[in-house]
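Enquirer: Every letter in the sequence shown is one number past the one before it in this note's numbering, and letter 91, counting from 1, is 91.
You may find that some hints are simply not true.
Derived Cβ-Cβ restraints for the label pairs, each shown as a range [stated by the list, open to error]:
{"#": "1", "residue 1": "Gln-96", "residue 2": "Ser-17", "range": "15 to 21 Å"}
{"#": "2", "residue 1": "Thr-19", "residue 2": "Thr-93", "range": "27 to 33 Å"}
{"#": "3", "residue 1": "Leu-78", "residue 2": "Ala-39", "range": "19 to 25 Å"}
{"#": "4", "residue 1": "Gly-13", "residue 2": "Phe-104", "range": "28 to 34 Å"}
{"#": "5", "residue 1": "Gly-20", "residue 2": "His-106", "range": "29 to 35 Å"}
Simulated crosslink set (DSS-like; lysine-lysine; CA at most 30 Å straight-line) [to be verified]:
{"#": "6", "residue 1": "Lys-56", "residue 2": "Lys-79"}
{"#": "7", "residue 1": "Lys-52", "residue 2": "Lys-82"}
{"#": "8", "residue 1": "Lys-79", "residue 2": "Lys-52"}
{"#": "9", "residue 1": "Lys-56", "residue 2": "Lys-82"}
If you're looking for bench data, these hints aren't it; they were derived computationally from the structure. Since this is a predicted model, take the numbers as computed values, not measurements. Beta carbons are placed, not taken as given, at the ideal position from N, Cα and C, and that holds for glycine.
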Amino acid sequence: MASKSNSTFSVLGSDLSITGDIVASADLHIDGSVEGDIACSSLVQGETSTVKGAIKAETARLAGTVEGSITARELVILKSAKITGDVFYDALTIEQGAQVEGRFAHRDAKPKAAASAAAKPELTVAG
1 MASKSNSTFS
11 VLGSDLSITG
21 DIVASADLHI
31 DGSVEGDIAC
41 SSLVQGETST
51 VKGAIKAETA
61 RLAGTVEGSI
71 TARELVILKS
81 AKITGDVFYD
91 ALTIEQGAQV
101 EGRFAHRDAK
111 PKAAASAAAK
121 PELTVAG
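Required output: the full structure, derived from the provided sequences and hints.
Expert: What follows is the structure, encoded as structure tokens:
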């Protein structure tokens, strides 16, 4: 009997090529190629894997090729990764040798900036 817990995961083998979006409530391990957006709880991408589309995950560990934006709470980019696209993160680790072409932005940057602009200044200068 299958239980709905965070211990379940799905594996897309290196022989698979998928065209279309993937939405998984479980953890996902991809070794094949995906042309479409991916949304999952936790993503592990193998070195031979390619993804052409946006990635949204709570945690992601990327080692292959990604062409698209990445949004993750905890993101690890390994040295074998080649990423083309913008990266939005809360916590970020990049191994030396990883290739990233795109912009990095902390996910909290926009809400804090908007909130501080609307709030009264906390610092006043006596003149």
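Enquirer: Against each hint, give a clear statement of whether it holds in the structure.
Expert: Results of checking the hints against the structure:
no. : hint                           : verdict
1   : Gln-96 <-> Ser-17: 15 to 21 Å  : 31 Å, violated
2   : Thr-19 <-> Thr-93: 27 to 33 Å  : 31 Å, holds
3   : Leu-78 <-> Ala-39: 19 to 25 Å  : 21 Å, holds
4   : Gly-13 <-> Phe-104: 28 to 34 Å : 31 Å, holds
5   : Gly-20 <-> His-106: 29 to 35 Å : 31 Å, holds
6   : Lys-56 <-> Lys-79              : 21 Å, holds
7   : Lys-52 <-> Lys-82              : 12 Å, holds
8   : Lys-79 <-> Lys-52              : 19 Å, holds
9   : Lys-56 <-> Lys-82              : 17 Å, holds
Hint check: a violation occurs at hint 1 only; the rest are consistent with the structure.
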